[in-house]
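Protein chains in written order, with the numbering used here: chain A, 1 to 230; chain B, 1001 to 1240.
These are computed hints drawn from the structure, not numbers from a lab.
Please note that a few of the clues may not be correct.
[Claimed, not checked] Some chain B residues well away from chain A (every beta-carbon gap over 10 Å; in silico):
| no. | residue |
| --- | --- |
| 1 | Val1011 |
| 2 | Glu1027 |
| 3 | Ala1033 |
| 4 | Gly1069 |
| 5 | Pro1076 |
| 6 | His1077 |
| 7 | Ile1081 |
| 8 | Leu1089 |
| 9 | Arg1090 |
| 10 | Ser1092 |
| 11 | Ala1100 |
| 12 | Gln1103 |
| 13 | Ala1104 |
| 14 | Pro1167 |
| 15 | Ala1231 |
| 16 | Asp1237 |
[Said to hold, decoys possible] Short, incomplete list of chain A residues facing chain B, as computed with Cβ under 8 Å:
| no. | residue |
| --- | --- |
| 17 | Glu125 |
| 18 | Asp128 |
| 19 | Gln228 |
These figures come from a predicted structure and were not determined experimentally.
Yeah, the Cβ is synthetic: ideal placement off N, Cα and C, and Gly gets one too.
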Amino acid sequence: MPDHANAWDLIVSGDEALYAIVRLSLAVSLSAVALAAAIGMPLGAWLALTRFPGRQVAVVLLNAMMGLPPVVVGLAVYLLLSRAGPLGPMGLLFTPSAMAIAQTILIAPILAALTRQTIEDLWAEYRDELTAMHVGPLARMTTLLWDARFSLLTALLAGFGRAAAEVGAVMIVGGNIDGFTRTMTTAIALETSKGDLPLAMGLGLVLVAIVIAINAAVWGTRVWSERQVG
Amino acid sequence: MRAPSSDLPVVLENVSLLSGATPILDELNLTIAQGAPTLIVGPNGAGKTSLLRLCMGLVTPSSGRITWGGRPDPAPHRRAIVFQRPVMLRRSASANVAYALAQAGVPRKARATRIAGLLERVGLADLAQRPARHLSSGEQQRLALARALARDPELLLLDEPTASLDPAATRGVEEIIASAAQSGIKIVMASHDLGQVRRLAGEVIFLLRGRVHERESTRAFFDQPVTPEAASFLRGDLVI
Chain A
1 MPDHANAWDL IVSGDEALYA IVRLSLAVSL SAVALAAAIG MPLGAWLALT RFPGRQVAVV
61 LLNAMMGLPP VVVGLAVYLL LSRAGPLGPM GLLFTPSAMA IAQTILIAPI LAALTRQTIE
121 DLWAEYRDEL TAMHVGPLAR MTTLLWDARF SLLTALLAGF GRAAAEVGAV MIVGGNIDGF
181 TRTMTTAIAL ETSKGDLPLA MGLGLVLVAI VIAINAAVWG TRVWSERQVG
Chain B
1001 MRAPSSDLPV VLENVSLLSG ATPILDELNL TIAQGAPTLI VGPNGAGKTS LLRLCMGLVT
1061 PSSGRITWGG RPDPAPHRRA IVFQRPVMLR RSASANVAYA LAQAGVPRKA RATRIAGLLE
1121 RVGLADLAQR PARHLSSGEQ QRLALARALA RDPELLLLDE PTASLDPAAT RGVEEIIASA
1181 AQSGIKIVMA SHDLGQVRRL AGEVIFLLRG RVHERESTRA FFDQPVTPEA ASFLRGDLVI
């Protein structure tokens, strides 16, 4: 990407470097959302439906983890993946995979906490019917997750928003390597520190536009399918 | 799927249910066996809903003992319940029935015919693909009946299923209940509509302040109520 280029020109001219950055950002954040959903949603549903000593503490801790600072998560993943760390031999540090892992850890608690609340509320409504139908614990979880699917879309969006917006974790574990691990947010941070404010601003606008577009698409899907399914 | 054991008779021995320190049901002794429909009547707060929930095994008595077909295990095998306001799963009418069939252990291959039959039985065949939450309350109540019948119950508990329905919808629901009773399903139903009780009941349980005040054949209950409370309830007086 040429320095001092006007961000708008880059967008309309289809600048390859810019689009590569956008693609990488989306790939990293969307795979983090998918992974975090696969981990966080069943965990949240399980926590909503299971009673055990210390459950309240677990709920409070989980809710608190929604506020994990990205740099702290980045640092922890960095230590895990660095050459001397326990997962060092996998050679993942400074790769997009490492970035996806860090973002997964960052947003899995968000998805789990929001799912826990949603499922607990729905369970209050469904408890009698499902008990009367003799629905077992695992089927309860899957039934409630499926029937809460529209509400859970909002949880997915919250997770995606957090992942797409954060810079600390991807910066630390990705290293902001040009053409390899540079994302929208790390590029914005870099251009700002280099003093290229117009480019930073332009990238920022692109990022915001993408987030709005994805939210609008999900919202539209939700409204449409709710109308179909009720 | 193992052969389901019988849930009848339901036997309540000295069953009490407390809410905090307030007794909802008080030292109840009751046996529910095969036979004509049993209608539970009584003023609001008499404990009708709690009694049905106990019989379903949804709540545990504070004291006393309940057995189903001789077993103390509350897991429902061949009984089902329809609530006053049934909760529709967020799927189509036929998917709601499919779900109930799956939970009742009906193999996947057998479900399609059963779904069609059950929806036909409750008069919803035309609305099979309609989202259940978009159905009218009368249609939802009939779908709830289809879900309950999907469990192939011996005992069907109903908690004022027509309380919020207009007369036409009420008739539809009553017809399904009457035909279920005809087919040999034991009906136990709470109702505050004495006309409905006359139409459906074989026997009446009069519940007041958490106690069974009378249990009579329908004719005897309406013609010669034994207790003064039942007599004044039938006259339409406020019984507290």
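Verification of the hints:
no.: 1; hint: Val1011; in the structure: holds (20 Å)
no.: 2; hint: Glu1027; in the structure: holds (25 Å)
no.: 3; hint: Ala1033; in the structure: holds (21 Å)
no.: 4; hint: Gly1069; in the structure: holds (15 Å)
no.: 5; hint: Pro1076; in the structure: violated (5 Å)
no.: 6; hint: His1077; in the structure: violated (8 Å)
no.: 7; hint: Ile1081; in the structure: violated (5 Å)
no.: 8; hint: Leu1089; in the structure: violated (6 Å)
no.: 9; hint: Arg1090; in the structure: violated (5 Å)
no.: 10; hint: Ser1092; in the structure: violated (8 Å)
no.: 11; hint: Ala1100; in the structure: violated (6 Å)
no.: 12; hint: Gln1103; in the structure: violated (4 Å)
no.: 13; hint: Ala1104; in the structure: violated (8 Å)
no.: 14; hint: Pro1167; in the structure: holds (26 Å)
no.: 15; hint: Ala1231; in the structure: holds (35 Å)
no.: 16; hint: Asp1237; in the structure: holds (33 Å)
no.: 17; hint: Glu125; in the structure: holds (6 Å)
no.: 18; hint: Asp128; in the structure: holds (6 Å)
no.: 19; hint: Gln228; in the structure: holds (7 Å)
In terms of the numbered hints stated before, the structure departs from hints 5, 6, 7, 8, 9, 10, 11, 12 and 13, listed from lowest to highest.
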